[in-house]
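Peer 1: Model the placement of chain W on the given structure of chain S, informed by the hints.
Here the protein sequences come in this chain order: S and W. Per the working numbering, the very first residue in the first sequence carries number 1; after that it's consecutive. Per the working numbering, the very first residue in the second sequence carries number 1001; after that it's consecutive.
Source of the hints: derived by calculation from the structure; they are not laboratory data. Heads up, none of these hints are tricks.
Each computed DMTMM-like pair below joins lysine to aspartate or glutamate, with the alpha-carbon atoms no more than 20 Å apart:
hint : chain 1 : residue 1 : chain 2 : residue 2
1    : S       : K205      : S       : E227
2    : S       : K262      : S       : D38
3    : S       : K58       : W       : E1260
4    : S       : K42       : W       : D1270
5    : S       : K80       : W       : E1260
6    : S       : K231      : S       : D212
7    : S       : K80       : S       : E56
8    : S       : K58       : W       : D1270
Single-letter residue listing:
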Amino acid sequence: MKRSVLVFAAALLFSVQSVMAAAPVISVNQFVEHPALDAVLKGLQDYLKDNGVEAEFKVHNAQANMGTATQIGQQMIGEKADLLVAIATPSAQATAQALSKAPADLKRPLLFTAVTDPVAAGLVTALDEPSAYITGVSDLLPLDKHLEMVMTYKPDIKRLGILYNAGEANSKATVAGIKALSTTMGFSIVEATAAKTADVYSAAKSLVGRCDAVFIPTDNTIVSALESVLKIGTQNKLPIFAADVDSVERGAVAAMGFDYYKHGYQTGAMAKKILEGVSPAALPVESQDVLQLQINLKSATAMGAEPPKSLVDRATKLYQ
Amino acid sequence: MTWYAALGALEQGLVYGIMVIGVYLTFRILDFPDLTVDGSLPLGAALSAVAITGGINPYLALVFALMGGFAAGVVTAILNTKFKILHLLASILTMIALYSINIRIMGGPNIALLGSRTIFDPLIALGVPAHYAGLMIFALFALVVMGAVIWFLKTELGQALLATGDNPQMITSLGVNTHFIIIIGVGLSNGLVALSGALIAQNQGAADVGMGIGTIIAGLASVIVGETIFGKATIPRAITAALLGSIVYRLAIALALGLEFGDFTFNPSDLNLITAILVIAALIAPHLKKRIVER
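Pulled out of the complex, with its shape left as it was, chain S reads as follows (with noise of 0.2 Å):
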């Protein structure tokens, strides 16, 4: 009996072997379903498809599960791609160790995408220091500008409520460099954590009264229950701000940010160069260069915080 099983199993493992194919193939290590993320991938996948590479993508996820992830950078070295692409810290980290352990002859490029510090992530040694196979595109926020826009929205912030989740080591960098801006900028911050999806909508409960406007950066635990903030904020006229513009859509009142399509796409130039032969140690982490605003005016009806007719005129998209 035990011995048809493991015939059956090996059946299984090695009748299932990947289709060899004449395009370049990039194996794709993507966290978590995210609509940011998600975008990324997209944006990466349209820059390749506009600029006439027709690469076959393995695009794998790890649902938010780290042992998933470094397996999945097992599963990506095994399948000889041309181009390794991970989405998201944890996964990047998890493809170069993979990378790092993997024979020479199965070594590939790999390129990281919205990664906040790659610095921190040990990633690369500096920004403009890629190693041999790693670079990619970081989406460290330019927070200043932030910043200023949102006190330009609504000058008489005294106290900034932040919400994120202090498991994030993307939003712990964010955290700090806010509170370093605070001082100069004349405002306090009040911080509120939630440790998982379940817990944002009680965190963004906890500010009600304690703050004037609230600010959310790039955490995927908050953005992912994004709707219950949303609710607390227009129950309560408190502004929600958003630091990508995806959550605009979704109706945060403004955000100064990233497109994480646009985030994709550049990844994407970066991709196409890899693929015709350039090395990844020639190409410097990129970031973000070209901001969005974007302004969702029904949200800021509901909220009670219309914009400064400045902020409307500069702003690259409104929803009515």
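Peer 2: Just chain W now, kept in the frame of chain S:
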């Protein structure tokens, strides 16, 4: 599934197998459903990562992890035995507390170990390819842990542990302090889980506060898959089955990751569903076989 991915799954199965043996101790031997493991796995990772980045020998760092995990288990067991908090709740409380504690220990949610010294360095220095070094070291650790646990359960203390899980009234009437036995057992279990976490962190290149999510699910699934496929007639057999169950579970994930039928590929988001279906297939295969043979 490629050969490389299969090796990776074997490696993951062995290292998570140490955690599974820990879960087996509480879940099957002590009859103590213990959710502390979701916190003690990253605890082990955090302690060893902090130790390694602080310049401590990576092997010594494993000892810190083992002790930290033991302490976490002791806390859960004391909450349960001395303060009469239901075992499930006691372990949930320790688990959620560990989330904050782990962030404190690491000074943040994530410590990168890419490029740091690890337990694999000595073997790699000998010229073993890095992807085999992990496999060999994890096989060694898993076998040593398996052997040690089997030996331990044959000692007087181990026998008391078995008896406490089977029939606490009987063992109390023999004058054994069941509270002490439960504290040792749950501590030991979490020590092994934390050891597993420390090894995982060194292997995956980072300790992350989120890496413990789903540990108990993988642990229970592996224990049950193991005993269904490989049997549980004796203690050594059941413990071996737990380790093998972990390997089967990881192979199912690797298989799900590489599954393609000609031009048809699954959505990446189908991964968990496919993994579940493959594990179900592994569980019912022996039954189906038996029915067919009986006919």
